[in-house]
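Put chains B, C and D on the given structure of chain A with help from the hints.
Protein chains: 4
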Amino acid sequence: MDFSIPDHLQRLIDTTRAFIDDEVIPLEPLIPEGAFQANLHRLEAARQKVRDLGLWAPHLPQRWGGMGLSLLEFAFLSEQLGRSPLGHFVFNCQAPDVGNMEILIEHGTPEQQERWLKPLAAGAIRSCFSMTEPEHAGSNPTQLSTTATLDGGAWTLNGHKWFTTAADGAAFAIVMAVTDPDAPEHARASQLIVPTDTPGFEHVRNIPIMGHPGDGYASHAELRYNACRVPQDHLLGARGAGFLIAQQRLGPGRIHHCMRWLGICARAFDLMCHRAATRELSPSKPLASRQTVQTWIAESRAEIHAARLATLHTAWTIDRHGVYAAREGISLIKFHVADVLQRVLDRAIQVHGALGITDDTPLAWWYRHERGARIYDGPDEVHKSVVARRILKDYTP
Amino acid sequence: MDFSIPDHLQRLIDTTRAFIDDEVIPLEPLIPEGAFQANLHRLEAARQKVRDLGLWAPHLPQRWGGMGLSLLEFAFLSEQLGRSPLGHFVFNCQAPDVGNMEILIEHGTPEQQERWLKPLAAGAIRSCFSMTEPEHAGSNPTQLSTTATLDGGAWTLNGHKWFTTAADGAAFAIVMAVTDPDAPEHARASQLIVPTDTPGFEHVRNIPIMGHPGDGYASHAELRYNACRVPQDHLLGARGAGFLIAQQRLGPGRIHHCMRWLGICARAFDLMCHRAATRELSPSKPLASRQTVQTWIAESRAEIHAARLATLHTAWTIDRHGVYAAREGISLIKFHVADVLQRVLDRAIQVHGALGITDDTPLAWWYRHERGARIYDGPDEVHKSVVARRILKDYTP
Amino acid sequence: MDFSIPDHLQRLIDTTRAFIDDEVIPLEPLIPEGAFQANLHRLEAARQKVRDLGLWAPHLPQRWGGMGLSLLEFAFLSEQLGRSPLGHFVFNCQAPDVGNMEILIEHGTPEQQERWLKPLAAGAIRSCFSMTEPEHAGSNPTQLSTTATLDGGAWTLNGHKWFTTAADGAAFAIVMAVTDPDAPEHARASQLIVPTDTPGFEHVRNIPIMGHPGDGYASHAELRYNACRVPQDHLLGARGAGFLIAQQRLGPGRIHHCMRWLGICARAFDLMCHRAATRELSPSKPLASRQTVQTWIAESRAEIHAARLATLHTAWTIDRHGVYAAREGISLIKFHVADVLQRVLDRAIQVHGALGITDDTPLAWWYRHERGARIYDGPDEVHKSVVARRILKDYTP
Amino acid sequence: MDFSIPDHLQRLIDTTRAFIDDEVIPLEPLIPEGAFQANLHRLEAARQKVRDLGLWAPHLPQRWGGMGLSLLEFAFLSEQLGRSPLGHFVFNCQAPDVGNMEILIEHGTPEQQERWLKPLAAGAIRSCFSMTEPEHAGSNPTQLSTTATLDGGAWTLNGHKWFTTAADGAAFAIVMAVTDPDAPEHARASQLIVPTDTPGFEHVRNIPIMGHPGDGYASHAELRYNACRVPQDHLLGARGAGFLIAQQRLGPGRIHHCMRWLGICARAFDLMCHRAATRELSPSKPLASRQTVQTWIAESRAEIHAARLATLHTAWTIDRHGVYAAREGISLIKFHVADVLQRVLDRAIQVHGALGITDDTPLAWWYRHERGARIYDGPDEVHKSVVARRILKDYTP
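Residue numbers (the numbering used here), protein chains in the order written: chain A, 1 to 397; chain B, 398 to 794; chain C, 795 to 1191; chain D, 1192 to 1588.
Hint data in this document are derived by calculation from the structure and do not stem from the laboratory. Hints may be right or wrong, so weigh each one.
So the derived list for chain C, only partly shown, Cβ under 7 Å to chain B, looks like this [said to hold, decoys possible]:
{"no.": "1", "residue": "796"}
{"no.": "2", "residue": "1068"}
{"no.": "3", "residue": "1083"}
{"no.": "4", "residue": "1088"}
{"no.": "5", "residue": "1096"}
{"no.": "6", "residue": "1099"}
{"no.": "7", "residue": "1101"}
{"no.": "8", "residue": "1104"}
{"no.": "9", "residue": "1126"}
{"no.": "10", "residue": "1159"}
{"no.": "11", "residue": "1163"}
{"no.": "12", "residue": "1179"}
{"no.": "13", "residue": "1181"}
{"no.": "14", "residue": "1184"}
{"no.": "15", "residue": "1191"}
The beta-carbon is built from N, C-alpha and C at its ideal position, and this holds for glycine as well.
Pulled out of the complex, with its shape left as it was, chain A reads as follows (with noise of 0.2 Å):
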């Protein structure tokens, strides 16, 4: 066992973190609530001076334009970018496109690559995956009511869709539809790509979400399909084994989120340490004179610091053994650091006082816009009962 990181990745996280701080953070006042669009050339700046110093989309092969990083190498990076709402998007490795890369690297057929992964590695387009449901509980993802039928040499879908994040202004969606119905419970769907501008293709709304609806990107919609048709070839994978494709997508999707999260929870650590360091409640005497603060920022760091190394364990994992090996541990990343996260987010906004519920750090936004990191996914309280399940069944006689 060796904990200790080579050095070639300790300068690209360096070199990460720098531009995150230079060159990311500074754009934040940007991101009010409905404003991604008018300002994605500011971001679309930003992103050509990643390209020009090589950290464009890490996550992918060198063939098709990334870093070709490990998975635990890319979780590094993650966390980095993850300090930053905007650090994901701006490296193009931002979800929901970041997992669609990676079913269409693995599953898509030359043409498809061609025409869609292409531009996604490119960030020339963005995409959505579209697979909740609101007549269906989340937890349990082999309940869908949308349809797909082939007759014609094309697919007809028909079908109620929400929470399809990032589906305004996306090009395609990967959109996950019962094509046989009468098959086993994992075996009735099928993942097909539809253009967003496909006649029957409704976006219905962006939904408001804790007090707005954002746009763009930073948005999630409500879509309607409504006898949408796409040629038969946009099938992607094989028939009947979009359940199985998403699961796969779950286990690097996973440490994407949990670091993602570790680095939301990297800088809320450092804006209450330099909030408590710097605000005094008296002449020379800081908040951070108080136990309690200490007690936040000690609990924090040990909490951050042991849910980091899971996940870096699971990565790892990964890399090594594969995803079926590591799935207890995808399991547990999920609710253990998303718990972390809100611990932290809660503690570094209550050090932050009426400042912490304003907009002028980044807390609030993640105060809001992660709570949902605990249902996203599938709610935490799935996730334990399965993995409990899992483990049990090594001491049922």
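Just chains B, C and D now, with coordinates in the frame of chain A:
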């Protein structure tokens, strides 16, 4: 000790509850951020119905057009009003006006009462209370930089305030300003009435909080007093008594806050139970069948019940024995009820899943806007230290 | 709603408190594990003083030699008694005798009352209640294997019980046994009086709990009923009513437990404050100056205060409206007060440092012996589910 | 970063684990309180098997008869040993002897090593470490009243100590005493070797802790040094270096504690899962089917996993970069792992129900005797303040 509720009070509670359900909750979709002014006429219509029902300003003495309830009686009504973010406003007992009315009744001259209290009690104007300053920790309200100097029969105010709730559209502010810088710490400040159309009264901005600056009553302003002059008779209460008056106002104000929070808890609890009982995980297997959801419901009920009795006990003590005798309870319920509030809201959101973070229920509104409950009126950590030091005096050798 | 305490009750409370302080707490060093019998004469001397003061058996009707208090009045006294592990015993209102007295008053025949209740009320004998079985989860008291069959004018009991509190030295047991195996689930069991000198009554052992088996009243026995025969008239209450009687007993019994726990909380709180105020970290810098200690004191006070009102409210509801009307409160306080108890004890120990885990204070005793508070009378998790399901009925479509 | 465990280490871990399961856990019923000496021969027999297997004293250099493991390697073994309360003793790496061996290796003269270290390493004698004093807060180890004065070629010790673990039956104590009262605070104390048969060495009592004084190795003594004289050459290390040596000892000692706690966690987790999987609530419906139990199992696994990696990371840092570089981790794991330990034990007991508080499992033992984990080595609250203040230095303007 007798926990029964007299019939006349129970009838008032029932009437109020029904009015909130039938007339106020249907208005809630009007309250997205920034829409207060645009929808004011709808709220005014509801206010008129309240007047017609004889429920107007339940906290006010009858001579000022109110119902003349005791604090304990008002507490029960306040809980019902708190079930909607619009309740207190519709009944004209919303903070900060409710506190300002109390100050004017207790300390205003007949002329001040005629000019300011009368229209305020009638709901014809709004007001604000301008105390907190960005340069000083809110936990120590004796630290103020805003000054008021008396010369030529007028007070000249200079200073910088923020988190002056509802200043946007208010007719006047009650301002805490240092009038006697050389007096003992608690006798330096006075309260002054400053009409908002006074030259030098600068409304800098509504502070963006949790993603939005809000507007009208639903906002928190940053203000500057730039050589703002008001006549000598705008002093409210005795010179140097500003801090004392503010303190006296805290007792009943604490009951108002806590019973409002308990009203939020009651509504969130209802929403949580309703969702649990009606959301199906699979056919005929509702979310309510999950033990974790049951645990949250049971714990929420127990915590709300106990916190509610503690708050009512404090209201009763103020009515019976005065604010001084009740000061321990007043401190305790601040942090205790705020803590229950946060936990109940968090559970209610989690039970709603993705729906819980949308604006389709009021939960996300409260989640954002009541995060401040642990901060405003002094951070909970300060209250804990204060009350503990008072208790510990009895044990000190 | 009126929270005032009548003068006559306040005097009783004060007298009881003083007696505990002056006469009972000094006896506490006598209570190391296994020393009950050896020190019984000291406890009997204290009991005689209680009789002389007219405070004997405060829960009992006057015709049985008690004070005839209402449940609410007794609750206040019980809190005072709970401040010492010896309090309830010295006043002859200790579990399980207190519950057995209630059953005998309510359901005993005149002959049973004369033979068993009279000496029990007088403190001349002790008793036990034999329900829990090692083979069945305590959370489901309808599952019992112990049987009693009637033939030849006598009941023959066979079965295995454990956690029969205070069986060691008891004169008789009230035993729950299945008499009607084919009846509906809740009508299968009856209660029978079994003198402990009946042949076949086997005291297997006092179960070693938290390091010690204890002795006499302070023990929890494993028992076997080996073809143990008692006359037909030893049936207590109606045949098949065993479960119902046990249920009825739970309401007042819950108040007894919770007020005793609140008495423990009160004492632990006192000890914590005293220690904080007198232990010096360095010259003239007491432990009480630490914010974390202040926080624990403030939170403990708030939690104890709220939980206490909830318990008193439930006692009042039972007095006024009966056990059935109070059943929600009865369930809620079980887990709510047990939770407060555990937190307060934990904080009090931590404030004492190494001293807190020694036997120089009663804290370590309670820490060990009240860990069971979340387990006995049914684990808290079961109570939470039960009360939640009852609440959810009102929301089910 | 590489989380893999080398084969040779994995074999050692497996062997150790099997030995604990097969040879040590069966001895646990021998450990009721006060039975150490009476059963010592059984433990000695197990020790001989350990020697025969070549697993003796894994932490010691080979020249002293140990296995010569690195701290990280020993950490893995220590976790296995911690699965039984008897594990470390049987492998002769129990506190406080393990720390005393380290001090003697690092600071002892050849003569001291020959006389004290050799038999200690061989398991022929035991020792104790005598630092804490009842008159001073354990959180500040520079405050000591025990003195040692040098005259006539001998040191005369006077003082009062308590919580001197395992003094009962020890051959010698390493005593912290003030030798230079006028030196700077951290240079006042020295360490001295005091044979326990020295006149004036008074074993006052084994302190009753959690209901029992214990005996032999399993005890914590109160001691008095009454003009206790030892030769000048019994000074251990440099004069005035007592505090420094104690500090150095803390780093590895912290790893020992934390990995032992993690071993307890592992065993408690196993017991919890086994109980959940095998205890039936009703026919074929095991306790494991309850969501609350599943939640506890999942959360325990996540917390143990993360805390374990944090501890291993600290051990690795000490091995690679030294104690000073690892000091933040050393502070963090103290309170973090102790917190996890307490939570896991609490859940495991609750899952066992009434059985959990009996002595039929080791859970109740650990519940009692590891409550001190948050107190000994300095209360957690102090560690939190210390580590936070160190972190905050980087943020102070």
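Here is what the structure says about each hint:
Hint status for residue 796 of chain C relative to chain B: holds, with the closest Cβ pair at about 5 Å, below 7 Å. The beta carbon of residue 1068 of chain C is positioned within 7 Å of a beta carbon in chain B (closest approach about 5 Å), and the interface hint is therefore held. The beta carbon of residue 1083 of chain C comes no nearer than 9 Å to any beta carbon in chain B, farther than 7 Å, and the hint placing it at the interface is violated. The closest approach between the C-beta of residue 1088 of chain C and any C-beta of chain B is roughly 4 Å, which is under the 7 Å cut-off, so the hint is satisfied.
Hint on residue 1096 of chain C holds. Least Cβ distance to chain B is approximately 4 Å, under the 7 Å limit. Annotation: interface hint on residue 1099 of chain C holds; nearest CB of chain B at approximately 6 Å, less than 7 Å. With its C-beta approaching chain B no nearer than about 6 Å, residue 1101 of chain C sits inside the 7 Å limit, and its interface hint holds. About 4 Å separates the beta-carbon of residue 1104 of chain C from the nearest beta-carbon of chain B, less than 7 Å, and the hint is met.
Against a cut-off of 7 Å between C-beta atoms, the interface hint on residue 1126 of chain C holds, since the closest Cβ of chain B lies about 4 Å away. Of the supplied interface hints, the one on residue 1159 of chain C is violated, with its beta-carbon coming no nearer than about 22 Å to a beta-carbon of chain B, more than 7 Å. Here the hint on residue 1163 of chain C is broken, as its CB sits about 24 Å from the closest CB of chain B, past 7 Å. The beta carbon of residue 1179 of chain C is positioned within 7 Å of a beta carbon in chain B (closest approach about 5 Å), and the interface hint is therefore held.
Below 7 Å, beta-carbon pairs count as interface contacts, and residue 1181 of chain C has one with chain B at about 5 Å; its hint therefore holds. The interface hint given for residue 1184 of chain C is broken, as the beta carbon of that residue sits about 10 Å from the closest beta carbon of chain B, more than 7 Å. Below 7 Å, beta-carbon pairs count as interface contacts, and residue 1191 of chain C has one with chain B at about 6 Å; its hint therefore holds.
Hints 3, 10, 11 and 14 from the list above are not met by this structure, while the remaining hints are.
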